[in-house]
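Engineer: Chain by chain, the residues:
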Amino acid sequence: MKVEKLYEDDAHKWLAFGRDPSKVNGIIDTNQYMVTSENNSLLIDPGGVELFSAMLANVIKEVPVEKITHLFASHQDPDIISSLGLWDQALSTAKLHSPWLWEGFIRHYGMKNISYEPIADDGGILMLDDITLQFVPAHFLHSSGNMNVYDPKAKILMSGDIGAALEDNDVPLFVDDFNSHVSKMKMFHQRWMPSNEAKNDWVERVRKLDIEMMCPQHGRIFKGDDVKRFIDWFDTLEVGKLNVSR
Amino acid sequence: MSDSKNNYFVAAAVVAANLDQATKISQKLSLTASNARVVMLRAGPSAAGFRPLTDAIHRLADVTVSSSKKINVIAATLNATSVEMFRAARAVKYFKAVYQSVEGGSTYLHSLDGIFERIKTEYEALLTLHRTQVKRLFDELDRLDGELRAAIVLKTLCLTEASQAEGQYKQSFVSVSENVEGTVNDIKKLIKDSQQQVALLN
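Going line by line, the protein sequences match chains A and B.
Going letter by letter, the first sequence gives residues 52 to 297 in the working numbering.
Going letter by letter, the second sequence gives residues 41 to 242 in the working numbering.
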């Protein structure tokens, strides 16, 4: 599994985990993220069961396990959080932040020790020591209860499935040619995202944010001008389409 | 872990389903005993020998129903333990994989030590609990099997009494003996299958 440092300012760090070569065949590739502060860490969309060992092995290269005090699940899907039952064994006092809508569903993955911190529909704030993280609503993109994470200091938006691309396992972590990347994103957004209204709401919301890096849960990370290029492209894209080719 | 062990929660579920079915079939025995008593009263003194037999069939039905219900509860508890054990075994497996993949290469690997020890201890405790519950289940199935073995004698005794009954009631008593035999055989098949399933759990 590759680990890439996206941002560092003293104890404040963003790390990306992905492109696991030992990943089981047939499961979609995912990106996991971790934000660390002086005494705490937040694991963002920690991934599915099959990824748990690789993720934990790489996380404890960076921080001791007791420092992982928070988990975030953008929504309820198995590739996002089906490893919860195993994290629950490792992190007995951690908190899981996820949309309120999914609490009863996510608990099916097994959750005896970790506590569920429901995020309201209009988002919320998480303080990681002195670092402020914002939970930004992204409902219906694709899940009906869906959140992004924005770090105004690092200027990083973890955008969940928004910006996702379907690609091979070993592609670079960053978008290097936006125009050629569009073909790998188009079908994903048109088929998995059901609502133009929700899409427009999100576009309007994130245009107000100062974003240096946009980090989706699948595919490649957008940097610099590519962030704006993506938002402009997504703004004009018609989603909720059934007959779209891959 | 062997293949059969991987199916331990399936085996426990099959036992629970078998015993649920056995409970329903046992209720037919009660009906058979009640029918036999009605025929006996109509037949008069020539069928007096049937009274202790109908009592025995009733008792057999009661014992089978209560024993089946008891076994069903044990199997359901065992099933829940099996699922917990499966989860714990999975956790041990995934944590072992972490140790294997970062051996000598992680600053904070030791921070997992206490957690891994706890997970292994919990798994061992579940294994012990599982073994205890399997033995209890095995013993209860064996006890019920013994009761059912004795029931075969009932059929022979019913036939003997039927031969002494007057002509018009003879066939009714033969039917009673056949019903007892058929019902007991059906339950015995379910018990035998359950015993085979429990053997997988040992």
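It is possible that part of the hints are untrue.
No farther apart than 20 Å at their CA atoms in a straight line, the calculated lysine to aspartate or glutamate pairs in the EDC-like style are these [what the hints assert, rightly or not]:
#1 Lys136/B - Glu101/A
#2 Lys204/A - Asp61/A
#3 Lys163/A - Asp60/B
#4 Lys237/A - Asp252/A
#5 Lys133/B - Asp139/A
#6 Lys112/A - Asp153/B
#7 Lys163/A - Glu164/B
#8 Lys109/B - Glu218/B
#9 Lys118/A - Glu157/B
#10 Lys163/A - Glu157/B
#11 Lys136/B - Glu113/A
#12 Lys160/B - Glu113/A
#13 Lys133/B - Asp252/A
#14 Lys228/B - Glu124/B
#15 Lys68/B - Glu124/B
#16 Lys136/B - Asp61/A
#17 Lys160/B - Asp139/A
Honestly, the hints are just simulated from the structure, not real lab data.
If you're wondering where the values come from, they're calculated on a predicted model, not measured in any experiment.
Engineer: State the violated hints by number, sorted upward, taking the hints as numbered earlier in the document.
Structural biologist: 3, 8, 12, 13, 14, 15 and 16
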